[in-house]
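*Asks:* Heads up: the sequence shown at position 17 corresponds to 24 in this note's numbering, and the numbers run straight through without jumps.
Worth double-checking, as some hints may not be accurate.
To be verified - Under the rule of at most 25 angstroms between Cα atoms (straight-line distance), these lysine-lysine pairs were calculated in the DSS-like manner:
#: 1; residue 1: Lys97; residue 2: Lys193
#: 2; residue 1: Lys243; residue 2: Lys227
#: 3; residue 1: Lys305; residue 2: Lys243
#: 4; residue 1: Lys241; residue 2: Lys227
#: 5; residue 1: Lys310; residue 2: Lys243
#: 6; residue 1: Lys305; residue 2: Lys241
Just so you know, the hints here were simulated from the structure itself, not pulled from any lab data.
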Amino acid sequence: MKPENQSGVSEFLLLGLSEDQELQSLLFGLFLSVYLVTVLGNLLIIVAISSDPHLHTPMYFFLSNLSLTDIGFSTSTVPRMLRNIQRQSKIISYAGCLTQVCFVLIFAGMENFLLAAMAYDRYVAICHPLRYTAIMNPRLCVLLILLSLTISIADGLLHTLMLLRLSFCTNLEIPHFFCELDQVIKLACSDTLINNILVYVVTSVLGGVPLFGIIYSYIKIVSSILRMPSSGGKHKAFSTCGSHLSVVSLFYGTAFGVYISSAVTDSTRKSAIASLMYSVVPQMLNPFIYSLRNRDMKGALRKLIGTSPFLRL
Numbered sequence: 008m009k010p011e012n013q014s015g016v017s018e019f020l021l022l023g024l025s026e027d028q029e030l031q032s033l034l035f036g037l038f039l040s041v042y043l044v045t046v047l048g049n050l051l052i053i054v055a056i057s058s059d060p061h062l063h064t065p066m067y068f069f070l071s072n073l074s075l076t077d078i079g080f081s082t083s084t085v086p087r088m089l090r091n092i093q094r095q096s097k098i099i100s101y102a103g104c105l106t107q108v109c110f111v112l113i114f115a116g117m118e119n120f121l122l123a124a125m126a127y128d129r130y131v132a133i134c135h136p137l138r139y140t141a142i143m144n145p146r147l148c149v150l151l152i153l154l155s156l157t158i159s160i161a162d163g164l165l166h167t168l169m170l171l172r173l174s175f176c177t178n179l180e181i182p183h184f185f186c187e188l189d190q191v192i193k194l195a196c197s198d199t200l201i202n203n204i205l206v207y208v209v210t211s212v213l214g215g216v217p218l219f220g221i222i223y224s225y226i227k228i229v230s231s232i233l234r235m236p237s238s239g240g241k242h243k244a245f246s247t248c249g250s251h252l253s254v255v256s257l258f259y260g261t262a263f264g265v266y267i268s269s270a271v272t273d274s275t276r277k278s279a280i281a282s283l284m285y286s287v288v289p290q291m292l293n294p295f296i297y298s299l300r301n302r303d304m305k306g307a308l309r310k311l312i313g314t315s316p317f318l319r320l
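Generate coordinates for the entire structure from the input sequences, incorporating the hints supplied.
*Replies:* Okay, here's the thing in C-alpha cells:
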C-alpha cells in the first residue's frame, strides 16, 4: 500500500530484536536479568558511596551520579521491551514513543557530560594535586552536575518538540526495541531536513565537546605522569584513572559502533543490536568495572556487605 500522511498518529510498532516467537521467552529472561543486574549493581555503588565517609570526594560524587544516570538510562528502554514481550504486543503510543526519545537523549547526554566531569576531576587530581581541594570544591561539583542536567534536558526537549512538527505515514514500524530518534525521524512523511541538521549539529557539539575535554585531560594526565620520577608514583596515578578509562572506552566505543554499523550496513536488525550495545551493556558493566578495579570501592563494598544483614543472606 502507498503510505499516506496521517495527522493524528496514535501509536508506533516496536519490532524488537527478533520476530521469532520461540526466542521471546529467552529474550525476556535475558533482558530481565540484565536490567536487574544493572539496577542492583548501580544501587549498590550509590549506597556504598553514601555510607562510607572516605568516599565523600568529588570523584565518587560523580560516580554516584553516573550510577543514577545508568539506572535511568536502562529504565527508559528495557521495561517497555519486557512489557511488550510479556504481552506479545509491539505497540507503543505516540506520546509514549516521544517520551522515550526524550528520556533516552537526556540520560545519554548526562552520561556524556559526567564522563567529561570525571576526566576533569582526574586531571586536577594528578596535574594540580596541591590545588585539588580548592579547585574541586563542593560548589563546583554541584554546578557541573546541574549544568550537565540542564543541557541534557534542553537537548531532549528540543529534539522531542521538533518531532511534534512532523507528520507520519501509515507505515509506523520501528525496527528497534525502543524509540530511537533517528529511527522515528525516518518514519516521517513530511520534510525532515531541519530535524536531521539539528541532530548532526547538536550531536557534534554536545558529543564532541565533552569527548575533546576527555582527550585533552588525558593528554595532560599522561604527560604529567611520564614526568614523575618514581615508578610507584606512576603506577598509582595510572591506577586512579584505570576504571574511568575503561568506562569511557566502553561508552564511546559502543556509541561509535552504532553509527559505524548504521553507515556500513542496511540491516535494521544489526542496527538494533548495535543500539543495544550502547543503551544497555555499558550501564550493566559500569558497576563491575568500578568495583573490581578500584581498591577504595572494593573496601566500601566489603564494609557494606559485612554490616548489612540483608546482603549477607
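*Asks:* Going straight from one Cα to the other, do Lys97 and Lys193 come out at no more than 25 angstroms?
*Replies:* Given pair Lys97, Lys193 holds - Cα atoms ~18 angstroms apart, limit 25 angstroms.
*Asks:* Hint check: Lys241 vs Lys227, CA-CA at most 25 angstroms. Holds or violated?
*Replies:* 14 angstroms, holds
*Asks:* Are the Cα atoms of Lys243 and Lys227 separated by 25 angstroms or less?
*Replies:* 16 angstroms, holds
*Asks:* Measure nothing beyond the straight line between the CA atoms of Lys305 and Lys243; if it is 25 angstroms or shorter, mark the hint as holding.
*Replies:* Satisfied, since the Cα-Cα distance of roughly 16 angstroms is no more than 25 angstroms.
*Asks:* Straight-line Cα separation of Lys305 and Lys241 no greater than 25 angstroms?
*Replies:* With a Cα-Cα distance of about 22 angstroms, the restraint between Lys305 and Lys241 holds, given a limit of 25 angstroms.
*Asks:* CA of Lys310 to CA of Lys243, is that 25 angstroms or under?
*Replies:* 23 angstroms, holds
Hint check: no violations occur; every hint is consistent with the structure.
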